[in-house]
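Given only the sequences and the hints, what does the whole structure look like? Please build it.
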Amino acid sequence: MDKSFFKRKGIDVAPELLGKYLIRKLPNGKIIRSIITEVEVYDGEEDLASHASKGKTSRNEVMYEEGGIWYVYLVYGMWCMLNIVTGEKDYPSAILIRSTKDIEGPGRLTRDLKIDKTFNRKKVGKNSNLWIEDGERVKYTRTPRIGVDYSGKWALKKNRFVIKNPPDK
DNA sequence: GGAGTGATGACA
DNA sequence: GTCATCACTCCA
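Here the first sequence is numbered in the working numbering, starting from 67 and rising by one per residue.
Since the hints were derived computationally from the structure, they do not count as laboratory data.
This structure is a prediction, so every number in the text was calculated from the model and none was measured.
There may be inaccurate statements among the hints.
[Stated by the list, open to error] Under the rule of at most 30 Å between Cα atoms (straight-line distance), these lysine-lysine pairs were calculated in the DSS-like manner: (1) K180 x K96; (2) K180 x K167; (3) K189 x K155; (4) K91 x K223; (5) K155 x K91; (6) K223 x K73; (7) K224 x K122; (8) K230 x K192; (9) K122 x K96; (10) K86 x K183.
[Said to hold, decoys possible] DEER-style ranges, computed between Cβ atoms: (11) G95 x R74: 31 to 37 Å; (12) K219 x L92: 21 to 27 Å; (13) G173 x P210: 17 to 23 Å; (14) L114 x P93: 35 to 41 Å; (15) Y142 x K180: 31 to 37 Å.
Beta carbons are placed, not taken as given, at the ideal position from N, Cα and C, and that holds for glycine.
Next up, the structure:
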């Protein structure tokens, strides 16, 4: 995956991630490939649903980096969320990977792929044992994001991209 | 529908 | 230091 792919706006990158393969190489050498089926875009400080809405902090500073690295953080005390940072440096935006074809749900995804905070800030690539490979171009639909009701009008923004008719493996 | 869980950020 | 909050999943 070309680095410039992730330097574009999250809203442009997100639909193209659908249908691509998320690939995880486990410590024991086993490789898991799964098609990305559901993502959400968090874009800019004005997005109240984004961690970046409160400005730069020690947790979200990774979002301000240049696109092409992972942003992993803990929610609800037990689940890690997997995001890809997008956009230029100093612009906070990221895409949350919510589901793949085999694993539905962002918390389950990271549990099953054994992804934890050690991936935070790592580059998307084989060197970090977690990367993306080209897949098929697919149709998708846009819906409001999940679990962000507190963010007022931003909760209604259709920044969630879901694959339509996922191809068979 | 409701509990559990712990890092994080806000405030003092 | 305290306290409330939270991009979730599981089991009723």
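Against the structure, the hints come out as follows:
no.	hint	in the structure
1	K180 x K96	12 Å, holds
2	K180 x K167	17 Å, holds
3	K189 x K155	14 Å, holds
4	K91 x K223	34 Å, violated
5	K155 x K91	28 Å, holds
6	K223 x K73	22 Å, holds
7	K224 x K122	24 Å, holds
8	K230 x K192	28 Å, holds
9	K122 x K96	37 Å, violated
10	K86 x K183	23 Å, holds
11	G95 x R74: 31 to 37 Å	33 Å, holds
12	K219 x L92: 21 to 27 Å	41 Å, violated
13	G173 x P210: 17 to 23 Å	20 Å, holds
14	L114 x P93: 35 to 41 Å	38 Å, holds
15	Y142 x K180: 31 to 37 Å	18 Å, violated
The structure fails hints 4, 9, 12 and 15 (numbered hints given earlier, in ascending order).
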